[in-house]
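Colleague: Sequence:
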Amino acid sequence: MLFGRLRVLPVWLPVLLAVAAPGPAAAQDIVLGASVQLTGPVANTGRYYRDAYQFAIDKINAAGGVTIAGQSHQLALKLYDNQSDVNLSVRQYTQLVSQDKVNLLLGPFASNFALADSAVSEKYKIPMVQGGGASDQIFARGFKYIFGTLAPASNYFGSTIDMLKLLKPVPKTVALLYADDAFDVSVVEGTRPKLKQAGLDVVVDERYSTNATDFNTLLSQIKSKNADVVLMAGHETEILNFVRQARSLAVAPRLYAFTVGVPSEDFRKALGKDADYAFGMTAWLPSPALKDRWFGDAQQFAAAYKARFGYDPDYHAASGVADVEALVQAMENANSIEPQKVRDALAKIHFDSLYGPIAFSAHGQIDLPQVVIQVQGDKLVEIYAGKGLVTPPKYPMPAWNAR
1 MLFGRLRVLP
11 VWLPVLLAVA
21 APGPAAAQDI
31 VLGASVQLTG
41 PVANTGRYYR
51 DAYQFAIDKI
61 NAAGGVTIAG
71 QSHQLALKLY
81 DNQSDVNLSV
91 RQYTQLVSQD
101 KVNLLLGPFA
111 SNFALADSAV
121 SEKYKIPMVQ
131 GGGASDQIFA
141 RGFKYIFGTL
151 APASNYFGST
161 IDMLKLLKPV
171 PKTVALLYAD
181 DAFDVSVVEG
191 TRPKLKQAGL
201 DVVVDERYST
211 NATDFNTLLS
221 QIKSKNADVV
231 LMAGHETEIL
241 NFVRQARSLA
251 VAPRLYAFTV
261 GVPSEDFRKA
271 LGKDADYAFG
281 MTAWLPSPAL
291 KDRWFGDAQQ
301 FAAAYKARFG
311 YDPDYHAASG
321 VADVEALVQA
331 MENANSIEPQ
341 KVRDALAKIH
351 FDSLYGPIAF
361 SAHGQIDLPQ
371 VVIQVQGDKL
381 VEIYAGKGLV
391 TPPKYPMPAW
401 NAR
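In this text, residue positions in the sequence shown follow our numbering: the first is 1, and each later residue adds one.
Rather than coming from a laboratory, the hints here were simulated on the basis of the structure.
Remember, it's a predicted structure, so these values are computed and weren't measured experimentally.
Treat the hints loosely; a few may be bogus.
Simulated pairs of lysine-lysine, DSS-like, Cα-Cα distance not exceeding 27 Å [claimed, not checked]:
{"hint": "1", "residue 1": "LYS125", "residue 2": "LYS379"}
{"hint": "2", "residue 1": "LYS172", "residue 2": "LYS196"}
{"hint": "3", "residue 1": "LYS223", "residue 2": "LYS306"}
{"hint": "4", "residue 1": "LYS123", "residue 2": "LYS59"}
{"hint": "5", "residue 1": "LYS348", "residue 2": "LYS144"}
{"hint": "6", "residue 1": "LYS394", "residue 2": "LYS168"}
{"hint": "7", "residue 1": "LYS348", "residue 2": "LYS172"}
{"hint": "8", "residue 1": "LYS341", "residue 2": "LYS123"}
{"hint": "9", "residue 1": "LYS394", "residue 2": "LYS379"}
{"hint": "10", "residue 1": "LYS225", "residue 2": "LYS194"}
{"hint": "11", "residue 1": "LYS291", "residue 2": "LYS59"}
{"hint": "12", "residue 1": "LYS144", "residue 2": "LYS101"}
{"hint": "13", "residue 1": "LYS394", "residue 2": "LYS59"}
{"hint": "14", "residue 1": "LYS223", "residue 2": "LYS168"}
{"hint": "15", "residue 1": "LYS123", "residue 2": "LYS144"}
{"hint": "16", "residue 1": "LYS223", "residue 2": "LYS394"}
{"hint": "17", "residue 1": "LYS144", "residue 2": "LYS341"}
{"hint": "18", "residue 1": "LYS168", "residue 2": "LYS196"}
{"hint": "19", "residue 1": "LYS172", "residue 2": "LYS144"}
{"hint": "20", "residue 1": "LYS379", "residue 2": "LYS273"}
{"hint": "21", "residue 1": "LYS225", "residue 2": "LYS165"}
{"hint": "22", "residue 1": "LYS379", "residue 2": "LYS269"}
{"hint": "23", "residue 1": "LYS291", "residue 2": "LYS306"}
{"hint": "24", "residue 1": "LYS168", "residue 2": "LYS123"}
{"hint": "25", "residue 1": "LYS379", "residue 2": "LYS165"}
{"hint": "26", "residue 1": "LYS223", "residue 2": "LYS273"}
{"hint": "27", "residue 1": "LYS225", "residue 2": "LYS172"}
{"hint": "28", "residue 1": "LYS168", "residue 2": "LYS306"}
{"hint": "29", "residue 1": "LYS387", "residue 2": "LYS196"}
{"hint": "30", "residue 1": "LYS387", "residue 2": "LYS123"}
Estimated spans, in silico, between C-beta atoms of each pair [as the list claims (entries may be wrong)]:
{"hint": "31", "residue 1": "LYS348", "residue 2": "ARG141", "range": "16 to 22 Å"}
{"hint": "32", "residue 1": "ASN401", "residue 2": "ALA119", "range": "24 to 30 Å"}
{"hint": "33", "residue 1": "LYS269", "residue 2": "GLY388", "range": "28 to 34 Å"}
{"hint": "34", "residue 1": "ASP180", "residue 2": "ALA289", "range": "34 to 40 Å"}
{"hint": "35", "residue 1": "ALA63", "residue 2": "ASN401", "range": "53 to 59 Å"}
{"hint": "36", "residue 1": "LYS101", "residue 2": "VAL170", "range": "55 to 61 Å"}
{"hint": "37", "residue 1": "ALA63", "residue 2": "ARG207", "range": "43 to 49 Å"}
{"hint": "38", "residue 1": "GLU206", "residue 2": "ALA63", "range": "48 to 54 Å"}
In this text, a Cβ means the ideal position worked out from N, Cα and C, and glycines have one as well.
Could you build the full structure based on these sequences and the hints that come with them?
Modeller: Below, the structure written as structure tokens:
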């Protein structure tokens with residue numbers, strides 16, 4: 001058998017201690033299973049989910065755990081490292097449900113992983129809540145057991161395009177770059193018609209290989225076509241390479257914006273001053289207005305998260321916490337851990353989290369607006385949130401030798 005030969009060791013060991021509940025019997029732990037990228041090319045983002053899942057579980061357990069039928073249950077986490085390998089991730093999720101017998105599933109990072117792994121949850125009819133995959137493809141298959149806390153990828157650049165209309169001088173030409181994975185393809189498929197509607201001329205529209213390291217040819221095209229704006233959908237390491245090579249080749253459009261990276265403290269540290277002027281997006285900022293049953297509010301959560309892990313959370317971490325909270329709320333609403341009942345409760349759920357209001361569409365995905373942000377010096381600044389400019393953007397971006 002396949003799993004008789006597969007040697008998979010959990011990098012983050014699950015806590016599986018029974019906790020005594022009121023009454024004569026001890027409550028059984030509820031085990032949540034997940035596979036995330038702890039090593040490999042996207043491990044830097046994968047750790048957000050490992051840390052967020054464990055942090056949320058610890059916080060909920062400290063508050064009394066999950067109450068079902070009047071009895072308190074503690075949560076435990078069974079987590080594997082998929083090593084940034086989609087095929088390994090699928091095997092690990094199969095092991096989680098068929099051999100480890102976890103109760104419910106949390107998701108991986110990245111849309112191509114969520115796209116493949118959700119087929120396991122659907123096959124075994126075990127609900128999966130994931131905040132790592134936003135591709136529209138994940139939710140277009142009529143699956144009933146996958147729920148996502150990231151907004152549709154097809155609208156990721158929607159707020160950015162709206163902001164472009166408010167800039168002076170108004171940009172006219174756009175270079176559109178994207179990696180060849182499920183998320184980035186969904187982003188661009190949704191972005192093209194929005195650019196056309198906004199009257200912007202796409203002068204470069206190029207797909208590149210995931211984990212690409214050489215962007216010199218694409219940068220030469222951007223320069224020769226005199227693109228005012230670069231919109232890039234890719235992974236953080238790709239975007240780091242792109243910015244470094246843009247500086248090396250002295251390619252400086254009026255504005256560049258990225259789907260990932262900019263909200264991350266590590267991204268800004270990696271680039272230093274070269275991160276200045278970069279635009280990005282996020283569905284979450286640590287606002288005290290986002291109230292939460294377990295953490296108080298998003299600002300308190302962010303402070304506690306940094307104190308524990310030594311780095312600031314971004315929307316990946318916040319969505320990961322919301323995934324755990326959604327499963328807990330659904331179990332309590334259903335008054336059961338039976339997968340079908342939890343699934344039905346998820347489909348009807350509506351509650352406030354530190355990430356924002358959680359309510360899934362008929363397809364299983366939530367829809368939160370993207371806030372446009374920009375690196376300005378050593379600060380990350382909110383620029384546009386759908387109702388005009390919040391803060392004046394640093395625009396146009398100067399030449400590299402003029403900074």
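Colleague: Can you let me know if the beta-carbon spacing of LYS101 and VAL170 is within 55 to 61 Å?
Modeller: 58 Å, holds
Colleague: Is LYS123 within 27 Å of LYS59, Cα to Cα?
Modeller: Violated, because 31 Å separates the two Cα atoms, which is more than 27 Å.
Colleague: Hint check: LYS144 vs LYS341, CA-CA at most 27 Å. Holds or violated?
Modeller: 12 Å, holds
Colleague: With a cut-off of 27 Å on the C-alpha distance, tell me whether LYS379 and LYS269 pass.
Modeller: 11 Å, holds
Colleague: For the pair supplied as a hint, LYS125 and LYS379, is the alpha-carbon distance within the 27 Å limit?
Modeller: 45 Å, violated
Colleague: Next pair to validate is LYS394 with LYS168; report whether the Cα-Cα distance is within 27 Å.
Modeller: 11 Å, holds
Colleague: Just to be careful, I want the Cα atoms of LYS225 and LYS194 compared with a cutoff of 27 Å; is the pair within it?
Modeller: 21 Å, holds
Colleague: Taken at face value, is the distance from the CA of LYS168 to the CA of LYS223 at most 27 Å?
Modeller: Holds, because 21 Å separates the two Cα atoms, which is no more than 27 Å.
Colleague: Do the Cβ positions of LYS269 and GLY388 conform to the proposed distance bound of 28 to 34 Å?
Modeller: 31 Å, holds
Colleague: Taking only the CA atoms, is the gap from LYS225 to LYS172 under or equal to 27 Å?
Modeller: The given pair, whose Cα atoms are some 12 Å apart, holds under the 27 Å limit.
Colleague: Would the pair LYS387 and LYS196 pass a check requiring their Cα atoms to be no farther apart than 27 Å?
Modeller: The given pair, whose Cα atoms are some 22 Å apart, holds under the 27 Å limit.
Colleague: So if I understand the rule, the pair passes when the alpha-carbon distance is 27 Å or less; does LYS348 with LYS144 pass?
Modeller: 13 Å, holds
When each numbered hint is compared with the structure, violations occur for hints 1, 3, 4, 7, 13, 19, 24, 28, 30, 32.
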